Every structure is written in C-alpha cells, then in structure tokens.
Amino acid sequence: MNINNINIKNNNNNTTQSIMSLPITYDPITKIISINESAQNDQELKEEIDQLNRLSKDFINLNSEIPESPEPSKTLTPLIKKLVTSGIDAQKRGKHHDAIKQFSLAIDMASRRSRWEAFAIQLQELNLILMARCDSYIMTKNWIDAYNDADMLLGTQVNTPENFLRRATAASNMGRLTQAKYDLERGLCFVEDDERIKTQLGVVNRLIAVENGDL
Amino acid sequence: MADNQTTEQTEQVISKISVFTPIIYVTVVLTALVVFSINYRKNKINALYNRQPFFKRNLPKELHFELRDSDPKPNEKVLKAALLRRGAESIRRTIKLKEVQPFITALYQKGSIGDDLYERYQTATKLEELEVQEIVAETEKYKAGWIPKFVPLLQEICFNEALRRRYSAIEDRKLDLLDQWEIKISKDGILEFPNKEK
Amino acid sequence: MDSRYNYDEHSQTWPVFTLSVLVVTLIPFTIQAVSNAFSSTKEEPIVGEIKLDKVDSQIKKFRSNRKPSKIFTKKNLFILLGWLSIGALIYHISITEVKTQVSAFDPYDLLGVEYGTSEKDIKSHFRKLSIKFHPDKQRNLSEDEKLKSEEHFVLLTKAYKALTEETTRENYEKYGHPDGPQQASHGIALPKFLIEGKSSPLLLALYIVLIGGVLPYFVSSWWSKTKTYTKKGIHVETANLFVEKLLNHKPSIIVRVDTILTWLSEATEFKILFPNKSNEEIFQLFQNHLNRKTPISDDQLKAVAITPSLIAGLIDFAASFRNTEISNMAVETLKHLVQAVPESTKNELLQLPNVDQTIVQEQKIVRLGKLLTLGNEEIKKTLGIKDDLKLKETLDVATNIPILKLIKAEFKVPGEVVVTPESTCYISVKVVVKSAKHHGETQISEDKLKENDTLETLRDPYQIVNAQPSLPKSFAPFFPTERRGGFVALTSLQKDTKITESPAFFQKLSLSNLELTQEQYKDGSKVSVGTFKIPITSPTPAQEGKYQFRVVIKSTDYFTQDLDFPVIMHVQNPPRLEEVNYDIPDPDEDSLAGAVAQMKGEKVKRVDDDSDDEDSEFEEELSDFEDINTDTEDEAEGN
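Protein chains in written order, with the UniProt record's numbering: chain R, 1 to 215; chain B, 1 to 198; chain G, 1 to 639.
Derived from the structure by calculation, the hints contain no laboratory data. There may be inaccurate statements among the hints.
Just a sample of chain G residues kept apart from chain R, beta carbon distances all over 10 Å, derived [as the list claims (entries may be wrong)]:
id, residue
1, D106
2, Y207
3, P342
Computed cross-link-like contacts, SDA-like style, restricted to lysine to any residue with a CA-CA straight-line distance of at most 20 Å [what the hints assert, rightly or not]:
id, chain 1, residue 1, chain 2, residue 2
4, G, K408, G, K508
5, R, K141, B, K184
6, B, K61, R, I32
7, B, K110, G, N240
8, B, K42, G, S224
9, G, K250, B, E171
The model shown is predicted, which means the values in this text are computed figures rather than measured ones. Positions of the beta carbon are idealized from the N, C-alpha and C atoms, including for glycine.
All chains, please: the whole structure from these sequences, using the hints.
The structure is reproduced here in structure tokens:
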C-alpha cells in the first residue's frame, strides 16, 4: 500500500494536493460523497462511504459545531417507543405477523439514530426489540429467524436463560438437536434451577436418543 | 646424498605454497563471509519492504486524507465526520491490537510464530500510537481543547457502527445457515427440515 | 631429535585411524537401525482396527511411494557404505606389510641364547656366530643379500655388546636399545598422496572450500530453516497468514468448511509445492478430494496429504486466539478431508464405504446408531447398497467406528479430595467407547472409575492416560496417507464461550468395547472405561466458588456424535480475602481505557497513571461494552 502511494506521489509531482487518489467524487451542493463508476465493485469502499455519508449528514443536521454529548435523540425515542408498544400490543392479541412488522420497523427507526448517540442505550433498545421479535417468530414457527435473533442476542452477551431457551427452541425445531442441548446446558450453568430450561433439556435429550436409535 | 635431495625438494614445495596460502585462505573466507552478510541484509531489507501491514487498508484514513487535501475543500462538517470515522477506526484497531497482545506473546513464546510476525505486531502497535497522535493533532487544528469532547464520541461511533453491522449481517447469516444445515425453502416460504422426523 | 611431523609414508597408520573412526560412528547407527527394523516388524494387531481394504489403487501407489522405505533409506545407505569401506580398509591393512622402523631389540633372542646365560658362555657363543655370519666370510651372495647379512651382523655385534659392555648395557636398560634414545616419531594419519607435491594445493583448496564455503552454507541453511519453519512445523508465512486471518476475521461471518479450506489454500506450503498453481486451483483440489472426483490427480493427493499438519497449526492458533468457532470448524474440516466427505448433515453415513451419496442425502436418518437399528434390507435401501457382500463391508466399518459416551467428568487436584484454590488441576474425563450397534445405557461399577492415589500417580497423574493402548489406524481409504487419528479436547469458559486451554490431543484409548455384544454392553461387567485427562495450565482461582467450563472432545478422523459437556470447577477451601475473578483478564476494557486515555490525555498518557475518579468511573462504564466489541468490532473491515 505504502509503496503504491509513494509511486503515485512520484508520478504526479505536479498535483501536490492529493497523495492518494480514491475513486470518489464529492458533490459540494448535496455534500454527499459518491463512489466512481470504475470502483463500483469495491464493496469495502462502498460500505465505508455509506458510513461516512451517514455521519456527515447527522453532523450537518446538527445545530452546534460538534455534538455536546452522546445524549440520545429526543425526536426519535418516542417514535421508536410507539412502534414497540404497538408491536407488543399486537403480540398480546396473538397477531404475531403484525407484531413482527412493528418490531422490524422499530429497529429500522432505531438505526436512524446518530452514531455518536450512547451505545449502551442503543444496544439495550435493540436487544429489547429483538427479544420481543424473537418471541413472535417462535410463535409463528419461523424458526430460522427466531434462531438468528436469539443468536444475535447471545452474540452481544445477553446471557439470560430466556435467550438460551429461545435459541435452543429454534434450533431443536430445525433438527439441530445437539446445538440445542449445548445451549440449554449452558443456560443451566448460569441459572441452575431454571425449570423451563430443565424441561426443555429433557425434551431435547429424548429427541437425541430417538435420533440415535436408543429409544 | 640422495636423501638430502628429496628433503630439499619437499621443502621447496612447502615454501612455494606458504607464500599464497594465508592470502588465499583469508580472501576466500572473508569473501564468503561478506557475501553471506550482504545476502542476509538484503533479504532482511526485502522482507521489511514486502512486509504486509497487520491490518487491511485503512479506508477511513485514506478518505480523510483525500477529502482534507482535495480542492475545493469540502464542507467543514463533512471533514469533521471523516476525521471522526478515522478516529473510530483507530480506536477499533487499538482495541484489537491490545486484545491479541497476550495471544501473540503466548504464541511467540511457544515458538508457533516467527520473529518476523512478532516484530510486525510491535510495528503495528507503534504505528497505531502514531496514528492516535496524528488524529489528536488534526482535532486540535479544528479547535483547541476539543479532544475531551471528541473522544467519547469516537467510542460511541465505533461501537454503534459495529452493532449495526452485526444487525445487518442477520440476513446473510440466515442464508448461510440454511445452506449449511441443508434446509430448503419451499415456494410458499416454508422451511423444509431435512432430518426432522414428522 | 627430529621434531618434524612425518606423514604416513607407508600408508600404515591412516587406514587404522580411519577404521577406528568409522567403527566408532557406525556401530551405534547400526545397532539403532537393526533394532528399528526388528521393532517395526512385530507390530501387534490393535483391537478395533478396521482392516477392510477399500483403498484406490492410485492412492495405494501414492502411499507406498511416500512411505519411507524401511530398507532403502539414506541412513541405511550410509551404514552400508561405511561397512563396505571398513571391509576395504581391513583388506588394505591385512595386505600391507608392517614395516617396523624400530624393531624390538632382544639381545638374547638375536644371539640365540637362553636368558640368564653367563657372560663367558655368551662370549664363546658370539665367537662361533661371528665366524659364521661375518660378512667377509660370506661368499656367492648378491648385492642385496650382502647388505642384509651386513645388517644382521651389525645387530649381532650390538646384541653382544649390550650384554657384555658396560655403557651399551646401560643404554639398553634405559632406552630399550643399545644405541641410546631412538627418534620420536609423530605421525599424522593422512595418506601420503594428499600431502606430497602436486596434490597438496588440492588439500588446501579442499580445506578452504570446507571452512569458507560448505560449513557456512550448512550453518546458514540450517539457521534459515529454523527461521522459515515454526516449532510446530508450519511455514512462518503460513503462521503469519493464520494470524492475519484470525485478526481480521469478522465474527458476523459464519465459519464453514469452505472458509477453513480457503484459508488453507493460501498456505505457503502449497506455493512451494506447486509454484504455478493459484489459491483457487489449490482450493479446487480440496473440493475434488471432498467430492471424491475421479480421476484423482497426483497433485490433489500431494496437496491433501499435508493438510493435517496445517490444520493442527491452525487449531493451535485459533485456540490461542481463544476462538471456539474456528477451532471447532478446523477439526471438522480435518474430518472432512480425512474421510473425503463434503459438508453435509449426513456425514456419519457418508463416511461409510459403498454408500450412494445421492440416496443417503434423501434420508431422514443422520446417525449411525439409528441406522443399525434397521434390518439389513432397510439399511441397503437407506444407503443405496445392492450387494450383500458390500453391505457386510459397510456394516463392518459402521460397527467399528468408536463412539465416546461420557461417564464422568470432573476437575481434580492431584492428592486432594476437593478442588483447592490456587492449585494445579486437570479435568478427568471417564468415557466408555461404544459401537454404533450398542444402544441404551451401560452399568459401570464405581470401582472402574476409581483411581487410587499412589506416589507414582501423584507425581504423574497422566500416567494412567498414557498407559492405555494406542488407537489403531483410521479407516480412511480416500486419504492420501495412512492415518492414526485420535481425539482432541477443546476447553472453554461458559461465561464468554471462549477457549481457555491449548487443545489436548489423545491417541491412546482401548477400543476393546467394540467387540462386545449388546447384552454385554448393557450388563457392563466386561465394559472397559477409558480416561482422558485435560491439563489446565492456569492454577485454580484463589476465590472459592463455582466456575463453569465446557469441554468438547472430537474425533479427528471420524464423524460421530462428539462429546460436548459442561464441567463445573467447584473451588472449596476456607474463604480468602483477595477477590480474584477467574476471568481470563479481558484486555478490552483496559485497552479501551488505554486508547481513550491516550487520546484524551495530552499526548500519550498511560492508563496505569489514571487513578482519578473520573477515569475509574469511565472504566466501569466501558465494562458494559466490552462484550459487544469482541463480537462486533472487527466488522469494520470488508472482505
């Protein structure tokens, strides 16, 4: 990389302002950076430019020179809350497909938050919505999406027995029995007397025995 | 008489060699050593040149450079955003380097990695420290005393972007898992589990 | 006295010298070679070995070519040449007349008189002899004979004088010779032709080449070799590659067999082996192997043959990076390569011989155990086998693949009843090896699980593990080399699911249970119990409490239901004051604070220096985030 840069520098001694030349264009009116036609396949650069554009947009919309604190946005929070509440309402009424829609919308809304807003709050917010959405997926027997939501929850180290139970339920229903067994055992490590996990573990162990031809 | 002659002859032969012997010997040994050391250094320098950076390309940094030095200058806020991105990436790398430090040291002590990699690791750490100093200097250029406000934002950006990336990976992970577990999706969107008894 | 060294003029000393050097070096080598040759021949048949020969003729050829011949090795050639030259030397010595420069001088013998003869008798005897041998008295002799007789007469005179004259006698007594001290001769055991005249510059040149060229060459090549290959035997560049892969790995990406194979295909070993092949072509070789494509190319066999050592290296790295997912998948990939089975949920069935891949894929059955509950006709249908003979082969393999069943797993501190704080401990795993034909539970009596602490076992708790018989060769007809696989144990912490120990490999375990019938297995009296012991490197925590671990024990060669179980380290002892968490210290929190401090504090301020309230509060706050960043931070990089 460095060697390339040096070469470029040597070749364009007349254009001193730019050492590196990325295939990008800056539009002074929209203040948006776009990737040149030639580099459309550079997924990495694309992703990076997207992240930068998001950030500068947030910056431009900001009234002050620099965000004073990582305080969460006051306009988005009630909107997200509203979506989540209506999702939970739908869930309670047994309308899980509607609930899933509301939750997904809430997640989309939450992702509009500026990136400098407190991460702890954003994480907690996302996790709460994911848990609710995961339950609705389980209720609609959408195992793979349920698995994925629970997987992300456990990936962010929310090691609650509920999350282990969620992922295990999804896994066992897709025939991934040993995976389910491991999740349940791990869940029991943290909460030794969780009856729900114990029952589910019994079920999974029985299924494994059947799969093995032991029963 | 005859005996005397032969001894004289051998002495002659020996003395004939003794003139060149030390010179030849020393020259040969020295050239061998010099050639060896030249080659060794050359290889080492080549290795240094060809040394790949520990991380892949630093796009946020490149973008920041590109925008900062472009003419006409982009909007100040765009530049600040680029600097924030650069700082967030630097934080990510610093964390990563610190995280793997015990692993690298353990591997080096076990003999699982060579000197080269260990040195590369240390170079990477130093480079990252330099990068941090550079970012601090850049920030100060915008306004003196901004650093304490800037830094907390960097971490939030670093983590939040990671969280969003993890979330947006959900769809790809789903497809990958379905493929790995040989689960087929029928036309009406229902999953077919290959090994599940009905 | 002549102080010059004389070279070996008559070629008498150097052969003897060379001979002794050769003999001294050759004898130990020969003994070793002979004992090796004999020890290998008495290879005992190992219980549970699958002897079915399903190896493709081309792979057989490859195996026999690769297998170092026991007889035609470089070492044996060296030994043979050595002995040949010894023979030649002995022959040379035996035909060379030994010319003693200074022969032993014995006046009595020369004169031909008895020891102790009186001086008078000697005098009279000498007179008689001198008349007989005096050169003037000898006639009709050739020049040569004349010289000899003169020599002889001089000797006789000397002998006579030695016994009669005072000074000569003294000389004889002191130096063993009537003439006084003899010339001391120091020989250098080099043949004369090397030293003389024309060839001496040759020797010099040889010497220079040896010291100036050959020696430095070998030293430097040895040195660079120790630098190009790590202690684990993988190329340093490959080691670099693995570290980079682990460092830049995005946790959001699911690691699969192909992921590992892609990494492997970039290894420098393949660039050395196939300079003209791209990474993609190497990857294709792996794919061809997994899909058992025919014809099998020699390159494919060569490439696949070196994968186990690369994977072992990768497991080492992944475990060091505490990455459970990659470590697990690396072992899985090894199984796939050993059995030549593509990624599938039906691996257990696909590894059997004679099965039809497409038919197996359509079945609901995934486990060998379930398969063996079926009748023969059903098994044939499930596996797509038509021939009864082939079915027998298949079942033979299916019933002899060892399956582990966990009986008991616990943490142990040698010599202690409980797990004590701050002690060295290990995980003791008691297993029963069973065949897929064995179903249900088995009765294991307590005393089979007991280990009596003796002085020996206290000193080396792993003795009992190593005393178990070696595992047999694996049934891997598609693998380019013969394999003796085993089991690998990966230990991780439940709290963060990260690996805490280096992987432990086991190659010793009795498979005698495979021969038991279902009744014998159920009854349990004949069932033998196997033991694994997983060493834990860090001492137990100082604080009392329960620490949860997870152990995965995988077969490296067969697809079976691997063991995956939780173990709890219950540390017990009177409570202590210090509060130490059994957390492998997570560097993130600390490092983040460090990075932040570095940016926040003027220029570089080390985190150690920060002790004010603001910072500690900051650290606490960050500890909440540390979890996310380990899983998400790395994703900033694209592919």
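Taking the hints in turn, this is what the structure says about them:
no., hint, verdict
1, D106, "holds, 88 Å"
2, Y207, "holds, 46 Å"
3, P342, "holds, 19 Å"
4, G:K408 <-> G:K508, "holds, 18 Å"
5, R:K141 <-> B:K184, "holds, 15 Å"
6, B:K61 <-> R:I32, "holds, 18 Å"
7, B:K110 <-> G:N240, "holds, 15 Å"
8, B:K42 <-> G:S224, "holds, 14 Å"
9, G:K250 <-> B:E171, "holds, 15 Å"
Checked against the numbered hints above, the structure violates none of them.
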